Amino acid sequence: MTPSQARAPSDGPVLLPVATPARTRAAMTELLRPQRALALTAFAVMVGSTAVGLLVQPLLGRIVDLAADRASVDAITVTAALLVAVAVAQGGTAGCGLSLVSRLGETTLARLRERFVERALGLPLERVEKAGAGDLTARVTADVSLIAEAVRGALPELARSLLTIVLTLAAMALLDWRFLLAALLAVPVQAATARWYVARAVPLYAEQRTAGSAQQQQLLDTVAGSSTVRAFRLEREHAERVAERSRSVVALRMRGVRLVLGFYSRLHIAEYIGLAAVLVTGYWLVREGSASIGTATAAALYFHSLFAPVNAALVLLDDAQSATASLARLVGVTDQPPPPQAARPMGTGRAEVAVRALSHAYRAGHPVLHDIDLTIRHGERVALVGASGAGKTTLARLVAGIQPPTSGTVLVGGVPPTELSPVAARRTVALITQETHVFAGPLADDLRLAKPDATDDELRAALDRVDALSWAEALPDGLATVVGDGGHRLSGDRTQALALARLTLADPPLVILDEATAEAGSAGARALEKAVARAVDGRTALIVAHRLSQAATADRIVVMDRGRIVETGTHDELRAAEGPYAALWRAWSDTRDADTGP
Amino acid sequence: MSWLGFPKFAGTGCLSKLMGKTAPEGCVREADLPGRTVLWRAVREQRRDVALGALLGMGHQTGEALVPVLIGVAIDRGVVDGDVAGLLWWLGVLAVVYVGLSFSFRYGARAGERASVTAAHRLRTELIDRVLAPEGGADEGRLPGELANTATEDARRVGAVTMALVVGIAAATGLAVGAVVLLRVSVPLGLLVLLGTPLLLWLVHLLSKPLERRSETEQERAARASGVAADLVAGLRVLKGIGAEQAAVARYRRVSRDSLTATLRAARAEAWQSGVVTILTGAFLALVVLVGGRLAARGDIGLGELVSSVALALFLIGPLSEFSWVNAQLAQGRASAARIAEVLGAERAVRSQPSPGGPAPHRVAGRLRLRGLSYGSLRDVDLDIAPGETVGVVAADPADASALLRCLGRRADPDAGAVELDGTELAALDLAELRAALLVAEHDADLFEGTLLDNVTAAAPSRTGAPVTAAIAASGTDEVVRTLPDGLDTAVTARGRSLSGGQRQRVALARALAAEAPVLVLHEPTTAVDAVTEARIAAGIRDVRAGRTTVVVTTSPPLLAVTDRVVLLDGGRVAASGGHEQLVHDCASYRTAVLA
Chain D
1 MTPSQARAPS DGPVLLPVAT PARTRAAMTE LLRPQRALAL TAFAVMVGST AVGLLVQPLL
61 GRIVDLAADR ASVDAITVTA ALLVAVAVAQ GGTAGCGLSL VSRLGETTLA RLRERFVERA
121 LGLPLERVEK AGAGDLTARV TADVSLIAEA VRGALPELAR SLLTIVLTLA AMALLDWRFL
181 LAALLAVPVQ AATARWYVAR AVPLYAEQRT AGSAQQQQLL DTVAGSSTVR AFRLEREHAE
241 RVAERSRSVV ALRMRGVRLV LGFYSRLHIA EYIGLAAVLV TGYWLVREGS ASIGTATAAA
301 LYFHSLFAPV NAALVLLDDA QSATASLARL VGVTDQPPPP QAARPMGTGR AEVAVRALSH
361 AYRAGHPVLH DIDLTIRHGE RVALVGASGA GKTTLARLVA GIQPPTSGTV LVGGVPPTEL
421 SPVAARRTVA LITQETHVFA GPLADDLRLA KPDATDDELR AALDRVDALS WAEALPDGLA
481 TVVGDGGHRL SGDRTQALAL ARLTLADPPL VILDEATAEA GSAGARALEK AVARAVDGRT
541 ALIVAHRLSQ AATADRIVVM DRGRIVETGT HDELRAAEGP YAALWRAWSD TRDADTGP
Chain P
1 MSWLGFPKFA GTGCLSKLMG KTAPEGCVRE ADLPGRTVLW RAVREQRRDV ALGALLGMGH
61 QTGEALVPVL IGVAIDRGVV DGDVAGLLWW LGVLAVVYVG LSFSFRYGAR AGERASVTAA
121 HRLRTELIDR VLAPEGGADE GRLPGELANT ATEDARRVGA VTMALVVGIA AATGLAVGAV
181 VLLRVSVPLG LLVLLGTPLL LWLVHLLSKP LERRSETEQE RAARASGVAA DLVAGLRVLK
241 GIGAEQAAVA RYRRVSRDSL TATLRAARAE AWQSGVVTIL TGAFLALVVL VGGRLAARGD
301 IGLGELVSSV ALALFLIGPL SEFSWVNAQL AQGRASAARI AEVLGAERAV RSQPSPGGPA
361 PHRVAGRLRL RGLSYGSLRD VDLDIAPGET VGVVAADPAD ASALLRCLGR RADPDAGAVE
421 LDGTELAALD LAELRAALLV AEHDADLFEG TLLDNVTAAA PSRTGAPVTA AIAASGTDEV
481 VRTLPDGLDT AVTARGRSLS GGQRQRVALA RALAAEAPVL VLHEPTTAVD AVTEARIAAG
541 IRDVRAGRTT VVVTTSPPLL AVTDRVVLLD GGRVAASGGH EQLVHDCASY RTAVLA
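Protein chains in written order, with the numbering used here: chain D, 1 to 598; chain P, 1 to 596.
Bear in mind the hints are in silico, worked out from the structure with no lab data behind them.
All values derive from a computational prediction rather than experimental measurement.
Ideal placement from N, C-alpha and C gives every residue a C-beta, glycine not left out.
Some clues are possibly wrong.
Taking CB as the label site, the calculated pair distances span [claimed, not checked]: (1) P:Ala176 x D:Asp74: 34 to 42 Å; (2) P:Arg363 x D:Ala533: 48 to 56 Å; (3) D:Trp177 x P:Gly299: 31 to 39 Å; (4) P:Ala575 x D:Arg586: 25 to 33 Å; (5) D:Arg23 x P:Ala176: 52 to 60 Å.
Hey, can you work out the whole structure from these sequences and the hints?
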């Protein structure tokens with residue numbers, strides 16, 4: 001039983017923390033600090049590029065003036081040549097500026113995600129479990145990629161648009177300050193529209209993402225289970241489930257479309273107001289004699305060229321908002337204290353376990369372990385036996401130091417395992433549960449997680465020890481074969497063999513195995529049992545035995561029932577004692593004769 | 001503003017990004033008719049919205065083309081002539097145009113998007129219907145993730161073709177309006193813009209192609225960082241179990257740095273590409289202004305016309321670049337339609353034959369006969385199981401077991417021989433009726449989202465009552481229920497991942513027992529439960545199934561001990577048959593198979 005099942009309904013998942021806006025800002029400043037020079041250069045180049053680009057409209061206006069004055073062809077040619085020069089300068093600086101902006105964004109993003117992964121992997125397992133498995137995964141996938149997208153797409157676009165808007169307005173003011181006033185008439189409508197939009201868009205897009213992943217989840221559920229669906233004739237029900245999720249995705253999508261289109265309709269109003277005002281101002285100023293027709297043209301063209309960046313900037317507002325929310329979730333984790341480094345080293349240096357008066361409850365008032373006393377000597381192999389729910393897994397977790405017990409003590413080599421520093425813990429104890437994972441990448445890289453400096457020969461030796469070398473070398477590229485997600489798929493028993501090979505490489509003196517052979521099926525289970533025996537050879541081992549044949553070969557068997565130890569002894573002693581173990585053994589090997597024993 | 005200034009549904013407004021096609025056209029064979037059928041059917045079904053969207057889109061593009069023209073006219077008639085009435089008149093016209101373009105944009109885009117999502121939804125449900133069809137076959141050789149992706153992404157892309165058509169028709173209209181206005185202003189200027197703009201776009205395309213190809217591969221490398229991070233977090237328990245956190249962090253840092261290098265290279269390429277586009281567009285604009293300015297200076301065209309032409313030259317880049325976007329969407333849509341057509345047209349694993357004369361579930365006696373059955377590794381297997389009998393099948397080679405189960409569940413038809421239920425060949429029965437009469441509960445059966453009780457009673461005649469309670473008790477699910485916070489009402493997450501392996505297996509067994517099928521075939525139902533519980537379950541199965549035909553395919557001694565007799569399959573044939581205890585004593589290969 002895993003704690004997720006033992007959890008009470010009342011104390012649902014306690015999500016990992018989310019940083020406050022102030023803290024998020026502070027963390028960002030901190031990340032950007034080492035790159036101040038880069039940030040300033042990038043900003044300056046972008047300003048320069050945008051400013052050069054704003055020379056286009058006055059030059060166009062100048063051509064209008066020249067044409068109005070029936071000026072010489074040469075003057076017009078010179079102005080056109082100036083336009084080409086402006087384009088070259090603008091293109092060159094834009095290329096340079098955008099590279100700098102993306103370098104700033106990407107480098108910062110890389111440092112953020114590295115810090116995040118470091119802290120995330122350092123979180124106590126108990127804390128991650130409390131938050132639910134999905135929380136951390138969602139942060140490391142959805143949130144990181146949302147921020148990455150923003151850094152790659154929205155950030156440069158937003159920077160460029162905002163600069164264009166500000167500088168264009170400045171240029172209009174330079175033509176005549178009254179043009180600026182006319183243009184600003186559009187702002188109240190735009191500001192109101194933006195507020196109206198963001199208030200609705202952010203929750204709506206969050207809803208869309210949830211509905212999208214619910215649909216994906218349902219599709220995977222139905223498609224992956226399609227043979228079960230057919231066997232139990234659940235086809236109609238499942239088709240309806242998928243259709244329902246799809247319908248909700250469609251409905252939310254259309255809601256989003258209506259929202260965005262309403263947004264644009266409002267912006268059209270702002271565009272018209274501003275454009276009309278600029279044209280009227282042009283008329284007035286020309287009549288007054290304070291501006292030329294060319295200037296009026298330039299002002300109108302300036303305003304017309306504002307449409308695109310204004311729309312872009314406003315649309316990006318909600319991207320920026322969701323990216324900020326994601327950032328707060330990442331900073332919430334990076335702000336977690338790093339795992340304690342100065343904890344106590346291993347005490348006696350011997351891999352012995354002492355459990356005294358141990359009781360444990362996942363929720364108050366519902367103890368799952370009562371008053372356990374157990375000593376495991378250095379090098380001893382102890383098997384835990386009992387029905388599901390007897391408390392075997394909980395005992396294994398407490399000995400492994402995943403969490404402190406509610407009362408009583410666990411000492412590994414004289415030190416509570418929860419107080420061992422990560423380095424000492426790594427050298428002392430390994431826990432293998434039935435939850436297996438193949439790390440995506442070459443098989444050798446997967447193994448080297450357990451021992452980064454292992455030579456190829458060491459890897460081969462480890463695989464050979466758990467009887468996995470032959471199949472590993474028969475893979476398409478041998479140990480270099482890419483396995484795991486997106487690579488070569490390994491069967492359940494090979495995945496477990498890989499876990500045992502990692503254990504051999506990590507080489508800890510104390511091993512705790514919890515149902516490591518549970519899912520391999522009967523034929524594979526026997527092969528794995530042998531591999532387990534070899535992997536734990538020479539180590540102190542606490543094995544949650546699934547098949548009794550595994551218990552039978554242990555030095556000592558501990559039988560548990562409803563959170564208590566009810567019997568201990570060797571296989572033969574316990575069989576002779578005619579207690580619970582003997583009954584179990586009979587039930588398991590019903591027709592087995594005495595002489596066909598293990 | 002162009003349609004493409006609308007990033008939420010029409011891709012990005014960035015000109016350079018629209019130049020390349022995301023899916024090479026070459027990957028779809030021209031002769032791939034079914035794919036094309038899927039595509040055009042999707043469009044045909046949405047023809048009303050497509051037509052409406054296209055019509056309104058044309059209105060919108062006309063309006064967008066007219067805005068710069070009207071700016072020019074307003075300057076000409078109002079500012080140049082100093083005529084306030086003229087200015088106000090043209091501002092009024094501009095207002096009408098704005099209302100028109102805004103309205104047609106709003107409702108045109110809405111119709112187009114509705115067509116797109118509705119088409120995608122219909123394809124999605126059709127795909128799922130095909131995957132779930134009782135005859136099967138569509139999910140063989142395809143990973144679940146791949147199929148789910150086809151049902152979401154490919155369906156979306158095919159749906160998006162309807163929107164692309166709407167945008168394409170609208171863009172063509174914008175282009176035509178711009179062309180007419182320009183040619184009316186001046187034929188040489190008009191020709192310069194109309195011929196120059198496609199040339200400009202082609203040039204940009206040519207220049208950005210190598211850059212783009214490079215940046216695509218680099219973006220793939222860049223995406224690795226997030227993949228590795230998710231993978232490490234998914235394996236967090238394993239990492240912690242062997243204390244490999246430090247090694248994992250070090251590895252991630254390397255990957256992240258490598259990704260960063262690749263991303264920076266890609267971003268640099270993209271930045272310079274955008275710079276080149278700026279230069280080319282600017283140079284083209286200068287050329288138009290040069291020609292237009294000379295014409296205006298000579299008095300061939302008016303000042304307002306010059307302003308209009310310059311503005312139109314800028315505007316036309318929009319609709320023209322939309323063509324390449326539309327083209328890319330069509331290419332993607334074709335490739336996706338081909339994938340959808342492949343799934344829809346997948347060969348059925350077996351054929352369903354509705355037979356009104358076949359046995360109805362309540363009249364099934366439960367005699368199961370294998371007659372000379374050959375399939376996969378099975379060779380000429382004969383077996384006769386009497387109604388109400390409980391038979392164990394031990395397969396020395398797991399391949400024999402899975403071949404047998406495939407035939408019994410009619411996931412495949414035998415190469416030779418037949419399986420008969422009450423004297424009728426399975427192939428002659430309607431699949432739905434057959435599966436109601438003969439339930440094959442596979443070892444790796446999946447649980448689904450819902451409560452525990454929902455899962456147990458998924459195929460049960462009733463949600464409550466003695467049979468359900470008995471199934472829950474017999475399968476050991478009662479113990480699972482006791483440890484769960486909400487008992488039978490506990491929510492089970494997708495694929496039962498919230499339960500442990502042993503819990504999942506017991507719930508799946510309860511579901512099989514609760515279905516009360518006249519004939520039940522169980523495959524290794526207790527591999528993940530402990531020895532004590534296994535013995536209890538064996539007795540439970542025997543009690544619950546008393547009087548009904550039950551076949552247990554297993555090598556587990558406690559289960560075999562409760563059967564009436566056991567059949568040993570070895571080398572694809574029936575090697576021995578008899579009581580469990582008797583076979584343990586007498587048959588060496590049986591002993592190896594179950595007790596070694």
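Task: Ascending list of hint numbers which this structure does not respect - done: The structure conflicts with no hint, since it agrees with every one listed earlier.
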